[in-house]
Amino acid sequence: MPYDARAIANEFLKLKEGPANQMWLQKLVYIAHGWNLAINGEPLVEDRIEAWDGGPVLRIIWNHLRDLGFNAKGGLLGKAEGKPFKAELSGSEKAIIRHVWKRYGSYTGNDLSRMTHQEGTPWSNAYFGMGRNAALKNDDIKQHFTELALAGRT
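The numbering of the sequence shown is my numbering, which starts it at 1 and goes up by one.
Treat the hints as calculated values from the structure; they're not laboratory data. Source: prediction; values computed, not measured. A portion of the hints provided could be inaccurate.
[What the hints assert, rightly or not] Okay, derived cross-link-like pairs now, DSS-like style, lysine-lysine, Cα gap no bigger than 27 Å in a straight line: (1) Lys94 with Lys79; (2) Lys102 with Lys14; (3) Lys94 with Lys16; (4) Lys94 with Lys83; (5) Lys14 with Lys79; (6) Lys94 with Lys14; (7) Lys137 with Lys83; (8) Lys137 with Lys102; (9) Lys86 with Lys14; (10) Lys16 with Lys83; (11) Lys102 with Lys86; (12) Lys79 with Lys16; (13) Lys14 with Lys83; (14) Lys16 with Lys102; (15) Lys94 with Lys137; (16) Lys137 with Lys86.
[Stated by the list, open to error] Computed beta-carbon distance windows for the label pairs: (17) Gly152 with Asn71: 31 to 41 Å; (18) Ala149 with Ser124: 30 to 40 Å; (19) Met1 with Leu148: 35 to 45 Å.
The C-beta atom is built at its ideal place from N, Cα and C for all residues, glycine as well.
Model the full structure from these sequences, guided by the hints.
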């Protein structure tokens with residue numbers, strides 16, 4: 001079941017000790033979405049992922065952080081109710097979050113950006129094929145992460 005990307009961002013913020021930045025958070029959510037497509041066969045986030053200059057970006061997270069910032073105690077909070085965005089993750093979705101955290105959580109936002117910027121990635125296909133801010137296609141993302149899995153690059 002796809003979730004609001006801000007709820008998935010909160011899953012990583014719960015695991016992070018210390019401050020987080022926009023790029024780091026964006027890339028972890030994107031990577032988790034990709035692994036979920038490849039392993040569970042379903043999107044993890046319902047929101048559009050766009051090919052920005054800095055790599056894959058979920059505008060809903062970008063706008064939220066631009067307008068409301070981080071809340072140190074509760075992650076990304078809903079504007080009206082002031083409660084954190086939350087996802088009722090299945091066991092296999094939780095496993096994806098744990099895998100991404102273990103494998104990618106210690107990288108910087110710039111490191112993750114470089115990983116998602118490589119030639120032949122869904123970002124480069126969208127950015128150079130359709131232009132800046134074009135949507136990344138879930139089929140492309142799924143294929144890319146499936147190829148990573150088959151190559152043993154977790």
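Hint check:
A threshold of 27 Å between alpha carbons decides the hint, and for Lys94 with Lys79 the separation of about 26 Å falls inside it, so the pair holds. Between Lys102 and Lys14, the direct Cα distance comes to roughly 14 Å. Compliance with the 27 Å bound is thereby established for this hinted pair. Between the alpha carbons of Lys94 and Lys16 the distance comes to roughly 16 Å, so the proposed pair stays at or under 27 Å and holds. Taking the CA atoms of Lys94 and Lys83, the gap is near 21 Å; set against the 27 Å cutoff, the hint holds.
A distance of roughly 19 Å separates the Cα atoms of Lys14 and Lys79; the hinted pair therefore holds under the 27 Å criterion. Using a Cα cut-off of 27 Å, the hinted pair Lys94 and Lys14 holds, with the two alpha carbons roughly 13 Å apart. Proximity of Lys137 to Lys83 is assessed by CA-CA distance (about 31 Å); at most 27 Å being required, the pair is judged violated. For the hint linking Lys137 to Lys102, the alpha-carbon distance of about 26 Å falls within 27 Å, and the restraint holds.
Only pairs whose Cα atoms come within 27 Å are accepted, and Lys86 paired with Lys14 is accepted, the gap being roughly 11 Å. Restraint check for Lys16 and Lys83: the C-alpha separation of about 19 Å stays at or below 27 Å, so the hint holds. At most 27 Å may separate the alpha-carbon atoms for a hinted pair to count; Lys102 and Lys86 meet this at roughly 21 Å. Note on Lys79 and Lys16: the hinted pairing holds, with a Cα-Cα distance of about 22 Å set against a maximum of 27 Å.
Restraint check for Lys14 and Lys83: satisfied, since their Cα atoms lie roughly 14 Å apart, inside the 27 Å limit. The hinted pair formed by Lys16 and Lys102 meets the criterion: a straight-line CA distance of about 11 Å does not exceed 27 Å. Between Lys94 and Lys137, the direct Cα distance comes to roughly 23 Å. Compliance with the 27 Å bound is thereby established for this hinted pair. About 25 Å separates the Cα atoms of Lys137 and Lys86, which keeps this hinted pair within 27 Å; it holds.
Between Gly152 and Asn71, the C-beta spacing of about 38 Å keeps the proposed range 31 to 41 Å intact. For Ala149 and Ser124, the hinted distance range of 30 to 40 Å is not satisfied, since their beta carbons lie about 19 Å from each other. Taken as a hint, the range 35 to 45 Å is violated for the pair Met1 and Leu148, whose Cβ atoms sit roughly 23 Å apart.
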